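Student: The lines below spell out each chain.
There are 2 protein chains.
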Amino acid sequence: MQITGAASTTSVLRVMNSRAVFAEVFRLGKASRPELAQTTGLSKPTVAMALTHLERAGLLRQVGQRSGAAGRSALLYEVRPEAGWVLGVDVGRGYVRVAVADLLGTIVARKDRPSRGSRASTLVTQLTRLADELTAEVGIARSDITLTVFGTPGVHDAQTGALRSAPNLPGWDRPGSVERLAEVAGAPFVVENDVDLAAVGESAYGLGAGIDHFVYVSIGTGTGMGIMIDGKLYRGFRGAAGEVGYLPVAEGDPLQDEPASRKRGMFESVASADGVVSLARRLGMADAASAKDVFEAARAGDPTATRAVLHEADHVAHALAAVTAILDPELVVLGGGIGTQGGDLLTGPVRDRLTSLVALDPPRIEVSALGADAVLRGALAVGLTGARDLVLDRAASIATATTGQR
Amino acid sequence: MQITGAASTTSVLRVMNSRAVFAEVFRLGKASRPELAQTTGLSKPTVAMALTHLERAGLLRQVGQRSGAAGRSALLYEVRPEAGWVLGVDVGRGYVRVAVADLLGTIVARKDRPSRGSRASTLVTQLTRLADELTAEVGIARSDITLTVFGTPGVHDAQTGALRSAPNLPGWDRPGSVERLAEVAGAPFVVENDVDLAAVGESAYGLGAGIDHFVYVSIGTGTGMGIMIDGKLYRGFRGAAGEVGYLPVAEGDPLQDEPASRKRGMFESVASADGVVSLARRLGMADAASAKDVFEAARAGDPTATRAVLHEADHVAHALAAVTAILDPELVVLGGGIGTQGGDLLTGPVRDRLTSLVALDPPRIEVSALGADAVLRGALAVGLTGARDLVLDRAASIATATTGQR
DNA sequence: TCAAATTCGTAAAGGACCTAGCCAAATCGC
DNA sequence: GCGATTTGGCTAGGTCCTTTACGAATTTGA
Chain A
1 MQITGAASTT
11 SVLRVMNSRA
21 VFAEVFRLGK
31 ASRPELAQTT
41 GLSKPTVAMA
51 LTHLERAGLL
61 RQVGQRSGAA
71 GRSALLYEVR
81 PEAGWVLGVD
91 VGRGYVRVAV
101 ADLLGTIVAR
111 KDRPSRGSRA
121 STLVTQLTRL
131 ADELTAEVGI
141 ARSDITLTVF
151 GTPGVHDAQT
161 GALRSAPNLP
171 GWDRPGSVER
181 LAEVAGAPFV
191 VENDVDLAAV
201 GESAYGLGAG
211 IDHFVYVSIG
221 TGTGMGIMID
231 GKLYRGFRGA
241 AGEVGYLPVA
251 EGDPLQDEPA
261 SRKRGMFESV
271 ASADGVVSLA
281 RRLGMADAAS
291 AKDVFEAARA
301 GDPTATRAVL
311 HEADHVAHAL
321 AAVTAILDPE
331 LVVLGGGIGT
341 QGGDLLTGPV
351 RDRLTSLVAL
361 DPPRIEVSAL
371 GADAVLRGAL
381 AVGLTGARDL
391 VLDRAASIAT
401 ATTGQR
Chain B
1 MQITGAASTT
11 SVLRVMNSRA
21 VFAEVFRLGK
31 ASRPELAQTT
41 GLSKPTVAMA
51 LTHLERAGLL
61 RQVGQRSGAA
71 GRSALLYEVR
81 PEAGWVLGVD
91 VGRGYVRVAV
101 ADLLGTIVAR
111 KDRPSRGSRA
121 STLVTQLTRL
131 ADELTAEVGI
141 ARSDITLTVF
151 GTPGVHDAQT
161 GALRSAPNLP
171 GWDRPGSVER
181 LAEVAGAPFV
191 VENDVDLAAV
201 GESAYGLGAG
211 IDHFVYVSIG
221 TGTGMGIMID
231 GKLYRGFRGA
241 AGEVGYLPVA
251 EGDPLQDEPA
261 SRKRGMFESV
271 ASADGVVSLA
281 RRLGMADAAS
291 AKDVFEAARA
301 GDPTATRAVL
311 HEADHVAHAL
321 AAVTAILDPE
331 LVVLGGGIGT
341 QGGDLLTGPV
351 RDRLTSLVAL
361 DPPRIEVSAL
371 GADAVLRGAL
381 AVGLTGARDL
391 VLDRAASIAT
401 ATTGQR
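These protein sequence lines map, in sequence, to chains A and B. For reference, each letter of the first sequence is one residue, going 1 to 406 in UniProt numbering. For reference, each letter of the second sequence is one residue, going 1 to 406 in UniProt numbering.
Note that these hints are calculated values from the structure, not bench results. Hints may be right or wrong, so weigh each one.
One copy or any two copies: either way a pair holds, since identical chains are not told apart in the list.
As the list claims (entries may be wrong) - When the alpha-carbon atoms are kept at most 20 Å apart in a straight line, the in silico SDA-like pairs for lysine to any residue are as follows:
id, residue 1, residue 2
1, Lys292, Thr128
2, Lys292, Arg129
3, Lys44, Ser32
4, Lys232, Asp212
5, Lys232, Asp389
6, Lys292, Arg110
7, Lys232, Thr39
8, Lys44, Val12
9, Lys44, Thr9
10, Lys232, Arg56
Keep in mind it's a predicted model, so treat the numbers as computed, not measured.
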């Protein structure tokens, strides 16, 4: 029953066409007027007009000529990388990653640091200093940052400004606490769940490129899932979509019959790093200290560790069976400490087990191409998209202002 | 990295504005020029021009005047209901429901019949005769139908024209078999999963009105789920999203420890009508013949039947816990035979159980407002949306043709 | 080295669309 | 019946885009 259809005046055409031209230049890297006229379907004068506007607004610049072919050589245009800057921040569990990228998405400065305490004030201080260092390195002011994107654990409630379900960031669940990040960023900033950003990163730069529906499943200290639907991030009603840690654990594992784990019965408690370690211990691998140990032992051929890994694969397969039954994704990307380290040790058994659990062929299952960088890259991708819109809006308002003055 | 931005010429403005005006008339029912100018933001002459075009194309008609207020009385316009017709078909398991609606969505003719066999040819014959009867009743030709929408079990693969996973429609899984429905419909028709259509119906006419993210869970002879995301139907990569029948069944139910059911371990096998009956029998209710019996007995106070219903609620809650963890919907609508008949007998325990299984507050859980009509209403809603676009496209092509001739 | 061919960039002309503003027509209240 | 008020229709004006056309720049070939 919903009927769409925005009414418009002629002036929106100019904006639309400018955006289209900019988008094409962005896509092609370098482009001439005739090329742009052809790909956008606009006429040469219109393209020329748009290019003039965009160049005057500082979004594009002329860059040499295309020679070699017969006839007059065409002037080439490209995006001015300095037309916008993006600050991406990955607030991880034990570390902090910060990077600055230009409008083309090229990372021009980056620092990774161990996290200095989890208290809000120390974290803000550390991030602010890192942002200062990075912008200085690039040679810009912090106010030149067009958009900042933070990736954090937990669910960010934009209404209250609180960060729920982020136990390793104590104090951030208070209403309004997120606003303290304004100190780090310039004016416009965005806070997004880290796993969601990893999914975006994988979509923009990794295995998810060009895939409409896929999920990024992170398994490490905790568990989480980022869902991309129609190429866009899906957050759910309250931003809690993809909280697979609360998936009821599937039956069929005799080890799960112990009362303690049956009581919890959640995916996170059995499949996360701690779950793998306790599983390996119960299987008889008394010296298992970390999930990494277990996977290394399994890779070395230890039969007990191998059994533990197979059990882990079984848990993951059951979770993915639920995801497949509900979402029918084209691709599942495994990330996080265990998802990445496990590699083919995990994907093989997961694929086998999943095949017997789902109706049709199971979705493709791959290990993240970006690894630990996924969140940061996702933050930059989100920032880049937003920054592009912001600078275009700014250019449009400049254009209308100048035409209005005449 | 994706950059949107369609380039446009001035002529698309006319189309856009005509659509906007039409949409407003549709929304308001009856509207005058000044009203439309105000709500669309367009000027009076533009609105007048659009109205003239739409009236000439037969989409709108003038209908009296608005009097009572001071000043000249305004001419009123409304959508011509006869500007388009929609045929909706619900191919159910034992029945067939067919209805014709006009462009306003008013059902003008409808017939429900027991399904005459499940063979493709007899079904097509029956549907064709029903369509003929209905159109005759309305006084239109079958070729006047703008768009036909079929709701069927199974997954329709538009690539091959096959209908997968629909065991009660034998023969329809052959490639190209769906094309036989062209005989029933006029030229343009759409085949959609029945549960998906029920979700759309609930979104257009039922409890889902105005809700962006919700799911419709059908529990009856089989199980299924329709997913609405951002107010649109989500189908998944291969159209198999929402196949909750394949959800791994959660642990924690001692009754499930019998080997037979553990082997299957799917939601459908335990939660569908057959599952309820066998569960009740195993609990000692030897005379349980149908799920309806069980629910009636429970409603009458039978303790064994009540236990069975509670177990059913537990299964449903576990499935919804998985759905909530993955999708975080705002609302869950229960439909299908069991979902509808169960009523508060089911929703109460489901809510209680679900609360203990999920992280945040559980989503709202309600029983379908449309009941057995949900699929048919959904078919009509989908058809209405499509028909509106079709007649607008047709009107636009007429308009450009006439302006081109001048 | 020079002319032909080809392509690019821009200017002018024309068409389509929308807005602003005016005036006539119609209606209601007094 | 008359004035206030609102609606409908019309005209003038402006913005935007496209088509057409022409000069400018470059390569190719002789």
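Student: Please go over all the hints and tell whether each is borne out by the structure.
Tutor: How the hints compare with the structure:
For a Cα distance limit of 20 Å, the shortest separation of lysine 292 from threonine 128 qualifies neither inside one copy, at 33 Å, nor across copies, at 64 Å. For the homomeric pair lysine 292 and arginine 129, neither the shortest alpha-carbon distance inside one copy (33 Å) nor that between copies (67 Å) is at most 20 Å. For the homomeric pair lysine 44 and serine 32, the shortest alpha-carbon distance inside one copy (10 Å) is at most 20 Å, but the shortest distance between copies (41 Å) is not. Taking the closest pair of Cα atoms, lysine 232 and aspartate 212 come within 20 Å of each other both inside a single copy (8 Å) and across two copies (15 Å).
Taking CA atoms no more than 20 Å apart as the test, lysine 232 paired with aspartate 389 passes inside one copy only; the shortest distance there is 16 Å, against 25 Å between copies. Taking CA atoms no more than 20 Å apart as the test, lysine 292 paired with arginine 110 passes in neither setting, with 27 Å inside one copy and 65 Å between copies. In this assembly of identical chains, lysine 232 and threonine 39 lie within 20 Å of each other by CA distance neither inside one copy nor across copies; the values are 25 Å within and 30 Å between. In this assembly of identical chains, the alpha carbons of lysine 44 and valine 12 lie at most 20 Å apart whether taken from the same copy (19 Å) or from different copies (19 Å).
In the homo-oligomer, the alpha carbons of lysine 44 and threonine 9 lie at most 20 Å apart only across protomers (13 Å), although the nearest pairing inside one protomer, at 22 Å, exceeds that limit. Within a single copy, lysine 232 and arginine 56 get their C-alpha atoms no closer than 32 Å, and across copies no closer than 40 Å, so neither meets the 20 Å cut-off.
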